[in-house]
Structure formats: C-alpha cells, structure tokens
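Chain by chain, the residues:
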Amino acid sequence: MIFAGIDIGSRTIELVVVDDAGDIKVELQADTGFDPIDEAKKLLDGVRYDRIMATGYGRNLFEISFDAPTVTEIKAHARGARAFFPDARTVLDIGGQDSKAISLFENGRVRKFEMNDRCAAGTGKFLEIMAKTLGYDIEGFGREALIAEKDVNISSMCTVFAESEVTSLIAKGKDRREIARGLHTSVIRRAVGMINRVSSEGDIVFTGGVAKNPCLAELLADKLGRTVRVPENPQFIGALGAALLSAEGK
Amino acid sequence: MSEDYRSMWTDLGLDLEAHDALLDVLGKAYRDIYLAQENRPEGMGYFDFVMSEVHGLRIKELMDEKAAGRKIIGSYCVFVPEELVLAANATLVGLCSGADFATEDVETLLPRNTCALIKSSFGFKIGKVCPYLESADMVVGENTCDGKKKAYETLNDLVDNLYVMDLPQVKSENGKALLRAEYNRFKDALEKLTGVPITAASLKEAIRTVNAKRAALHRLSSLRKADPAPLSGLDALLANQVFFYDNPARFTESVNKICDELEQRIEDKKGAFPERTPRILLSGCPQAVPNWKLPMIVETAGAVIVGEESCVGERGTRNLTSEAGETLDEMLDAIVDRYFQVDCAIFTPNPERLDHIRQMVEEYKADGVIHYGLQFCQPYLMEAIPVEKALEEKEIPCLRIETDYTMEDVGQLKTRVEAFIEQLR
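Sequence lines, in order, name chains A and B. Per the working numbering, residue 1 is the first one in the first sequence, and the count goes up by one each step. Per the working numbering, residue 1 is the first one in the second sequence, and the count goes up by one each step.
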C-alpha cells in the first residue's frame, strides 16, 4: 500500500508519499495561494496513493473536499520528527504563521505542547517581512545574520512594530547584518520560552520551513545549551508525519 | 417576533434596530451551535423555548410581575444572594455580559485591555439592547475583581439604580464578618426598595426555593458522570445559564424532568456522544449567554465536556444553604456560610478551588482539564498557571486557553483543542 500525507499550511502545501516500509517516495511543495483546495488538487494530480491524511490549518477544508481523515500539526510533526530521530523527546516547529513546542513521552505520544496565540509574531511570516525590510532574500537573510559578530537588540515582537523599529535602526546607520541577527534572536527568545514551558532537557528536533534557516538553529542551540537537530527537508515533516500516521491507521 | 414585544421593548427604551440585529446573531448562533447537535434529549426542548423567548416572553413575565408590584433585581455575580431577593418579594435575574456589543463606544469609557465580560456588560447598556438591565429596579454590582469594581464607578453614571456590594477577598473571620455585614446591608436595601420586610417565614421559603433549584442542577451534574455522557456539555452549560434568568420553580421542574429522561438514557446506554469519547472538565472564567465558543469547539472536535468548574456551573451552584435555622439571624448566618464557600479567584489564597477541580476530575472521570481564561482576567489567568502545574504533577493533562468573545482565533483554538484531544486518546 502507498500512503500520502498532505500538510496544508498558511503559506505552503507539502505532499509526502511513503510506502509500506515508511520510505519516502514523493515530496512535493506548492504555495497555498488563494484557493488551498485547488492547489492541493493540482499537487495531487497524477500522484498515486491508497490512503491520504491531511494536516495543517487547511485540513478541515481538505477533509470536506476529499473525505479524508485529519490530524493536527502537533501530532503530525511529532510523528514526522520521530521518523528521522526515533529518540526525539522535544520538537520545535516554526511554520508560516504559527509555531509550537511539543514534548513527547518516550513512546512518541504527545505529552504537552505550547502554541502561539492568534498573533503570527515569531513565525516564518515575521522573518519574511523582516528580510524584505532589510533587502534580503529569505536564504540570504539567515546566511548573513549568521556571519554578524553581534546583534542589535530588537524589542518589538509584533511584526508591524518591529518593521518600524528596523526602519529606524537602518536610518541610524546600524549594521544590516547585526540588525538581521537581532531579529533572529528575537524569534529565538520567543521559541526558547515556549520550549522551556514544555521540556527542560535533551535534544531539540527543529522542524518546519523556518528550520532551514541556519542562524536560527545555531542561536537556538546557544540559548538553550542543548543540541538542536534539523532533519533533511524540515518543511516536509508535517506531511511526512501525516503519511506515516495514515500508514499506521491512526 | 410579535408586535406585542416590540412595544414592550420600546417602552423599556431599547434601540429596536440594534436589538433586532442582536437577536438575529443570537438566533443564528443558537441554530448553528445548539440545534445542530445530534442525540439531544427531548427535555432540552424546554431550554430551546426559553432561549427563543429570552428577550420576549420572559421579559413579558417580568413586566407582569412589575405591574403586580414586584421588583426586579439585576446582578452580575453569584455572590448576590437570591434567597434575600426572593424573601423581599423581588425577582433576581442575571444581566447580559456574554457577547461583544458597541465595543468602540465601550472603549471610550473603559481601557481596551479590560476583559470581554466587563466590556460586554457596558456594551449592552450603551447599545440599549439588554431588556433585563432596562427592566431592573436595582442593579447590583459587587467588588470582586479590580476590573469590575472600578468599572462600577463608571457604570454608576450610566444607570441610576446601581447598588454596590462589597465582598471579602480573604477567607478569614474578618472576611466572613464583612460578608455578613454586607448581606445585612443588602437586606435593608431590598426591604427599602420593595417595602416588604423579610421575615423568618419568607426567608425560609426562599431558602427552600433556591435550594431546590440548585439541587436540581446537582442531580443533572451527577448524571453526567455516566459513560456515555447522556447530555452534551453545551446543553448542560445552557441549563446553567438559564439558571440565572428563569422563574425558579419552573426551572427546577424542567431540570428535574430532563433528569428523569437522562436516567432512562443512562439505563439504555444512550449518550449524546458514543461511549469512551474523551471527557473534558472545563475550569475557569464564567461563560454567560451567548458565550458558547469554547464548548462548541471542544464538542465538535470529538470530546465531551462533563463538568464546568465555573460560576456558571458548579462553583456557582454547589453547596445548599442549611434549612435548619428558625430565626432570621440563624438563616442569615446559614446563607453567609453557604456563599462564603464559593471559591472565586478573587480570594487569596484560594486552595479550595484547586481541591474542587481535582475532586471534579475524579468524580466526573475527566481525562483532561481545559482551563478557560478570559483575556485580561487577572485572577483566573494568574491561577491558571499553578492549577496547570498541580494537575500535571498528578498526571492530569491540562490545556490553558486564553481568549475573548471574538471569533478571530477560532482556527487556532480548534488546532490546540484537537491536539489536546489527540493527546487524551
């Protein structure tokens, strides 16, 4: 049997297909756009699978259109992280518009989680807008921040306030890389708070598209004094988790 | 809606257009949330009717009572003793505070970071859409949280019949003496308003009436211990909400009637949800009509709420008043004894509340606790953290929610609640 998992996020949609052994056969990604279901249909076009499970904020829309079971991002990321790191006990997922810290029992079940509230502060969207304000593309933003020797303190977590704070720092002639690093630090400060509320020790598995940013992973490890492990293609972990949960009949 | 009510609403000074809009929203929410539920007991038909007439027939009844010389007392808190109100030949009603209304106008009088419940109570006054408030001969405010007690200073400019009751914040002998003194003062104020002296006989009768109403809810609650749960949490919450509006004797009879039906359902193993549905205890801030947001999210996500540790729930209704007293003083003492046990988060310290949460988890066989906190409600949000910690030490999963009356966070709340339910399965 072939199992698919689809993660319909606020910014992007990921599709992962696995076989009976749990080996990844297909990994596809598209922008969510205006009509997530239409985008999902396009992504699924020509992809063969026997069962599919949906996760992400658009999971309920998918459930209605495709009559498919759903799972929350929390459980999906927990399961997906375990596929790469079978002993994972703490997972941090930062996606397009939300972030969550999850602690797991030894057997992989979710023990406790924290999730940001209605505001998208400290998520991919925040970083995207800040990168733009500083004139970086999203890859260059993390890379350049990593090179900076120190960071400029950014006090606002709100995207709107932080944007004007950054604009005034630029006007003051502050170093662009240092501002970038300061913005990364502010995201990490928030993530550290969430992680500390759910788990106090052990390695962290960092998932979601934002985990591709090398500066964040490094800052996270520094601030927590814990090892941070990033799976290959972290943006697919939610979809992978859904595919594996589908295979397990959960 | 009949013309009969429209003239009544006009006489009460309601803004008909705004009031129509409110009833539309309320009616739609009720259909989508309540009438869409499956496997409801027939007895809920009574509560459906009460809700459909909540601003109609019930107000007409109050108007008829007023015409017959009875006074109407409005309240925002479970510390206002209904026993004294009834004994003074008056009727107690809960005042509207469960939906956002005229928020922009409210925020000219109150800071934006005031909890939704307080803002709502102002919104209903400023928007002229609460017939209970407008028909009240006395509006009772009470010094519970800082938000409410300061807001009453401003409300005093909006209503001409506000009476403010002081309340203790510590469960000490002094605190109890304060409550006793305040209940005495309230008794005098009621007698002055109604012209009816409270006697030992009338108070005894009132204690019995209110006890019967609470006992009916106790019976209803205990039936929710069954698996499958015979009644949804939404429906149980509704009964707890109607408790504040309805005629006491009719309410008692209707709740007991539904209890008879639920007993039969339990015997037939018939539930509002299937057996082994994850069971949730809701704990925290009160949920006034039509604040059904969180229970709706929980019960459409595949769990059932089996108890409410809330003022609109067991915190407000548990414990009966002793009926042993014979003299007025003895009965007043018994009333103070009963109300002084309410473990509202305004008390410091407040360990009894945590004990009660733990006790409810055990009795109602809850798999987890969702702590419901209204944004900016300091007392409950502050208590939420130690409550969560204490529950988790006992390996009882707990999810802390902080929200308001708007619908903008429903998507995120759904994800959190669903993930919490996955955790319990």
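In short, the hints are calculated from the structure, not lab data. Fair warning: there could be bad hints in the mix.
In silico lysine-lysine, BS3-like type, Cα no more than 25 Å apart, as pairs [to be verified]:
1) A:Lys150 to A:Lys112
2) A:Lys112 to A:Lys174
3) B:Lys414 to A:Lys250
4) B:Lys149 to B:Lys192
5) A:Lys25 to A:Lys41
6) B:Lys204 to A:Lys112
7) B:Lys71 to B:Lys171
8) A:Lys25 to A:Lys112
9) B:Lys66 to B:Lys28
10) B:Lys28 to A:Lys125
11) B:Lys365 to A:Lys112
12) B:Lys414 to B:Lys389
13) B:Lys394 to A:Lys112
14) A:Lys112 to B:Lys389
15) B:Lys66 to B:Lys150
16) A:Lys25 to A:Lys212
17) B:Lys150 to B:Lys176
18) B:Lys171 to B:Lys414
Chain B is nowhere near these chain A residues, computed Cβ spacing over 12 Å in every case [as the list claims (entries may be wrong)]:
19) Arg51
20) Gly56
21) Leu134
22) Glu144
23) Arg226
For clarity, every value in this text was computed on a predicted model and none was experimentally measured. All C-beta atoms in this analysis are idealised placements derived from N, C-alpha and C, irrespective of residue type, glycine included.
Status of each hint after checking the structure:
This hinted pair does not check out: Lys150 of chain A and Lys112 of chain A have alpha carbons roughly 34 Å apart, beyond 25 Å. The suggested pairing of Lys112 of chain A with Lys174 of chain A is violated, with an alpha-carbon distance near 41 Å, which exceeds 25 Å. For the given pair, Lys414 of chain B sits about 19 Å from Lys250 of chain A by alpha-carbon distance, which is consistent with the 25 Å threshold. Simply put, Lys149 of chain B and Lys192 of chain B have alpha-carbon atoms about 24 Å apart, close enough for the 25 Å limit, and the pair holds.
Of the pairs offered as hints, the one joining Lys25 of chain A and Lys41 of chain A holds, with about 19 Å between alpha carbons and a cut-off of 25 Å not exceeded. A hinted pair counts as satisfied when its Cα atoms are at most 25 Å apart, and Lys204 of chain B with Lys112 of chain A does not qualify at roughly 50 Å. Between Lys71 of chain B and Lys171 of chain B the alpha-carbon distance is near 32 Å, which puts this suggested pair outside the 25 Å criterion. Annotation: proposed proximity of Lys25 of chain A to Lys112 of chain A is violated, straight-line Cα distance about 31 Å (limit 25 Å).
A threshold of 25 Å between alpha carbons decides the hint, and for Lys66 of chain B with Lys28 of chain B the separation of about 31 Å lies outside it, so the pair is violated. At most 25 Å may separate the alpha-carbon atoms for a hinted pair to count; Lys28 of chain B and Lys125 of chain A exceed this at roughly 35 Å. Pair hint Lys365 of chain B plus Lys112 of chain A holds up; C-alpha atoms about 20 Å apart against a cutoff of 25 Å. Taken as a hint, the Lys414 of chain B and Lys389 of chain B pair is honoured in the structure, with Cα atoms around 23 Å apart against an allowance of 25 Å.
Restraint check: the Cα-Cα separation between Lys394 of chain B and Lys112 of chain A comes to about 14 Å, which is no more than 25 Å; the hinted pair holds. Restraint check: the Cα-Cα separation between Lys112 of chain A and Lys389 of chain B comes to about 12 Å, which is no more than 25 Å; the hinted pair holds. A C-alpha spacing of about 31 Å is found between Lys66 of chain B and Lys150 of chain B, which places the hinted pair above 25 Å, so the restraint is violated. For the hint linking Lys25 of chain A to Lys212 of chain A, the alpha-carbon distance of about 21 Å falls within 25 Å, and the restraint holds.
For the given pair, Lys150 of chain B sits about 23 Å from Lys176 of chain B by alpha-carbon distance, which is consistent with the 25 Å threshold. Of the supplied pair hints, the one linking Lys171 of chain B and Lys414 of chain B is violated, its CA atoms being roughly 38 Å apart against a limit of 25 Å. The claim that Arg51 of chain A is not at the interface with chain B holds, since no C-beta of that chain comes within 12 Å of its own (minimum 18 Å). Distance check for Gly56 of chain A against chain B: the nearest CB is about 9 Å away, which does not clear 12 Å, and the non-interface claim fails.
No Cβ of chain B approaches the Cβ of Leu134 of chain A within 12 Å, the least distance being about 28 Å, so the stated non-interface status holds. With 12 Å as the threshold on Cβ separation, the claim that Glu144 of chain A sits away from chain B holds: the shortest Cβ distance comes to roughly 32 Å. Residue placement check: Arg226 of chain A keeps its beta carbon more than 12 Å from all beta carbons of chain B (closest about 21 Å).
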